[in-house]
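Engineer: These are the residues of each chain, in order.
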Amino acid sequence: MSASSPVSMFRWIVARDLMLAWRRRADVLSTLFFFVIVASLFPLGIGPETQLLRSIAPGVVWVAALLASMLSLGRVFQSDEQDGTLEQMLLTPQPVYLVVLGKVLAQWLVSEVPLVLIAPLLGVQFGLASETLLVLFISLLIGTPILSLIGSIGAALTLGLRGGGVLIALLILPLYIPVLIFGAGAVDASINGVSPQANLYLLGAFLVVSLVFAPWATSAALRISLE
Amino acid sequence: MSFSLTPGMLLQITGPNGSGKTSLLRIICGLTTPESGEIKWHGAEIRSLAEEYSRSIIYIGHRIAVKEELNSLENLRISSGLAGCELSRDQAQQALARVGLSGRENLPARFLSEGQRRRSALARLINCSATLWILDEVLASLDHAAVTLVESLISEHLSKGGMAIVATHQEIHISAGSFHRLELEPPVSRGTASPGSPS
Numbered sequence: 001m002s003a004s005s006p007v008s009m010f011r012w013i014v015a016r017d018l019m020l021a022w023r024r025r026a027d028v029l030s031t032l033f034f035f036v037i038v039a040s041l042f043p044l045g046i047g048p049e050t051q052l053l054r055s056i057a058p059g060v061v062w063v064a065a066l067l068a069s070m071l072s073l074g075r076v077f078q079s080d081e082q083d084g085t086l087e088q089m090l091l092t093p094q095p096v097y098l099v100v101l102g103k104v105l106a107q108w109l110v111s112e113v114p115l116v117l118i119a120p121l122l123g124v125q126f127g128l129a130s131e132t133l134l135v136l137f138i139s140l141l142i143g144t145p146i147l148s149l150i151g152s153i154g155a156a157l158t159l160g161l162r163g164g165g166v167l168i169a170l171l172i173l174p175l176y177i178p179v180l181i182f183g184a185g186a187v188d189a190s191i192n193g194v195s196p197q198a199n200l201y202l203l204g205a206f207l208v209v210s211l212v213f214a215p216w217a218t219s220a221a222l223r224i225s226l227e
Numbered sequence: 228m229s230f231s232l233t234p235g236m237l238l239q240i241t242g243p244n245g246s247g248k249t250s251l252l253r254i255i256c257g258l259t260t261p262e263s264g265e266i267k268w269h270g271a272e273i274r275s276l277a278e279e280y281s282r283s284i285i286y287i288g289h290r291i292a293v294k295e296e297l298n299s300l301e302n303l304r305i306s307s308g309l310a311g312c313e314l315s316r317d318q319a320q321q322a323l324a325r326v327g328l329s330g331r332e333n334l335p336a337r338f339l340s341e342g343q344r345r346r347s348a349l350a351r352l353i354n355c356s357a358t359l360w361i362l363d364e365v366l367a368s369l370d371h372a373a374v375t376l377v378e379s380l381i382s383e384h385l386s387k388g389g390m391a392i393v394a395t396h397q398e399i400h401i402s403a404g405s406f407h408r409l410e411l412e413p414p415v416s417r418g419t420a421s422p423g424s425p426s
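Protein chains in written order, with the numbering used here: chain A, 1 to 227; chain B, 228 to 426.
For the record, the hints were derived by calculation from the structure and aren't laboratory data.
Just so you know, even glycine gets a beta-carbon here, dropped at the ideal spot from N, CA and C.
Among the hints, erroneous ones may be present.
[What the hints assert, rightly or not] FRET-style restraints, in silico, Cβ to Cβ:
id : chain 1 : residue 1 : chain 2 : residue 2 : range
1  : B       : 270       : A       : 212       : 32 to 38 Å
2  : A       : 174       : B       : 341       : 41 to 47 Å
3  : B       : 228       : A       : 212       : 37 to 43 Å
4  : B       : 229       : A       : 166       : 43 to 49 Å
5  : B       : 229       : A       : 224       : 23 to 29 Å
6  : A       : 204       : B       : 260       : 33 to 39 Å
7  : A       : 71        : B       : 316       : 33 to 39 Å
8  : A       : 163       : B       : 289       : 21 to 27 Å
9  : B       : 260       : A       : 193       : 56 to 62 Å
10 : B       : 231       : A       : 24        : 41 to 47 Å
11 : B       : 289       : A       : 47        : 53 to 59 Å
12 : B       : 260       : A       : 30        : 36 to 42 Å
13 : B       : 262       : A       : 204       : 40 to 46 Å
14 : A       : 163       : B       : 228       : 37 to 43 Å
Using the sequences plus the hints, can you model the full thing?
Structural biologist: Structure follows, in structure tokens:
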């Protein structure tokens, strides 16, 4: 028996969620396929007009990423709530902030990182140039953790509600708007030959702010949901 | 309502369905905020102690927090790790053997029976350094041998100066420590039954 430290508990949370995700691979893959299919429907529907495809690409890929992350967010706390693990997590001798941060990190690694990795491939369908693909990749890399962090607040608030899936979309999608604007804006800038730096810096600032405040709000919401 | 616990004391909470046993235990854990009244630990309000209080208690609720996808060994090691007392593989295996799950450590929990799942949750009590055990309906769906096991675990804990609060209808026989019973009143039909307010 060794004394607990915040770091070791954080590791247990992340390792546990990764292990559970591995045992439920189908859930993870369905999110990824959803993203790929939604983003691929547009080129198929619009036809081979390169100019048009290129101009809608940033918006389409980003919106598909938002919707895909909504799909996986509903599950972040649900199963833990049902079997009582979440109660145990609130009773750990470490701050709940860390529990939330660990769960969000695991959710991001499992559900969002695959999207980020496959997004450049989807960008090729839209005829994006290689430096634009890089910007798309970077913008998603900075943007998707924000989606996970903000989304976890919604997931915690709608915990245990019937029809929580729709409610979470209504709660969270409006909050995603700034991320969408600056994320897609960065890619757009790169397509038009402008430097995407300003947009990426703003995304980075959002990430820092949500990293500080979102887990705190989520833990408060969890406590309320479990009362 | 008011009660206090001293080292080596077991408090059994009984009462008809709906009388608020679970609510009372959740309030004592700090999961639910009482409408009025306060819970103190060593003289300090538990809300102000926060994580320090969490370190001193272990709670096994109705929902026993056993993950269906994980096997007993993983379930035990993870939940102990989260509760702040990490177990080595050997320690976990010994604890599972004690609750009668040896040979089934590597079976995912969804293949275990309800009683076996409860046993695997009970394994958390062994090796656990918490002073106050809070057990909700812990004897439900356990066979005779397992009930005896729970009783001996509680007795050992009490003899080491621990405390336990157990909500159950069944008789508990302990060989050490002192035994007290708290009977909750049936819910009031006017609908004003409020959760208890122990201090």
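Engineer: Next step is simple, just say for each hint if it's right about the structure.
Structural biologist: Do the hints match the structure? See the list:
At about 34 Å, the CB distance of residue 270 of chain B to residue 212 of chain A agrees with the hint of 32 to 38 Å. Checked against the hint of 41 to 47 Å, the C-beta distance between residue 174 of chain A and residue 341 of chain B comes to roughly 43 Å, which is consistent with it. Between residue 228 of chain B and residue 212 of chain A the CB atoms are about 41 Å apart, so this pair conforms to the stated range of 37 to 43 Å. In this structure the supplied range 43 to 49 Å holds for residue 229 of chain B paired with residue 166 of chain A, their Cβ-Cβ distance being about 46 Å.
The beta-carbon spacing between residue 229 of chain B and residue 224 of chain A, approximately 28 Å, falls within the hinted interval of 23 to 29 Å. The supplied range of 33 to 39 Å is met by residue 204 of chain A and residue 260 of chain B, whose beta-carbon atoms lie about 38 Å from each other. A beta carbon spacing of about 36 Å between residue 71 of chain A and residue 316 of chain B agrees with the range 33 to 39 Å that was offered as a hint. For the hinted restraint 21 to 27 Å between residue 163 of chain A and residue 289 of chain B, the CB-CB distance of approximately 25 Å keeps it satisfied.
Look at residue 260 of chain B against residue 193 of chain A: about 57 Å separates their beta carbons, and that is inside 56 to 62 Å. Our hint of 41 to 47 Å for residue 231 of chain B and residue 24 of chain A holds, since their Cβ atoms are close to 45 Å apart. Checked against the hint of 53 to 59 Å, the C-beta distance between residue 289 of chain B and residue 47 of chain A comes to roughly 58 Å, which is consistent with it. For residue 260 of chain B and residue 30 of chain A, the hinted distance range of 36 to 42 Å is satisfied, since their beta carbons lie about 38 Å from each other.
For residue 262 of chain B paired with residue 204 of chain A, a C-beta distance near 45 Å keeps the hint of 40 to 46 Å intact. The hinted range of 37 to 43 Å is satisfied by residue 163 of chain A and residue 228 of chain B, whose Cβ atoms lie roughly 38 Å apart.
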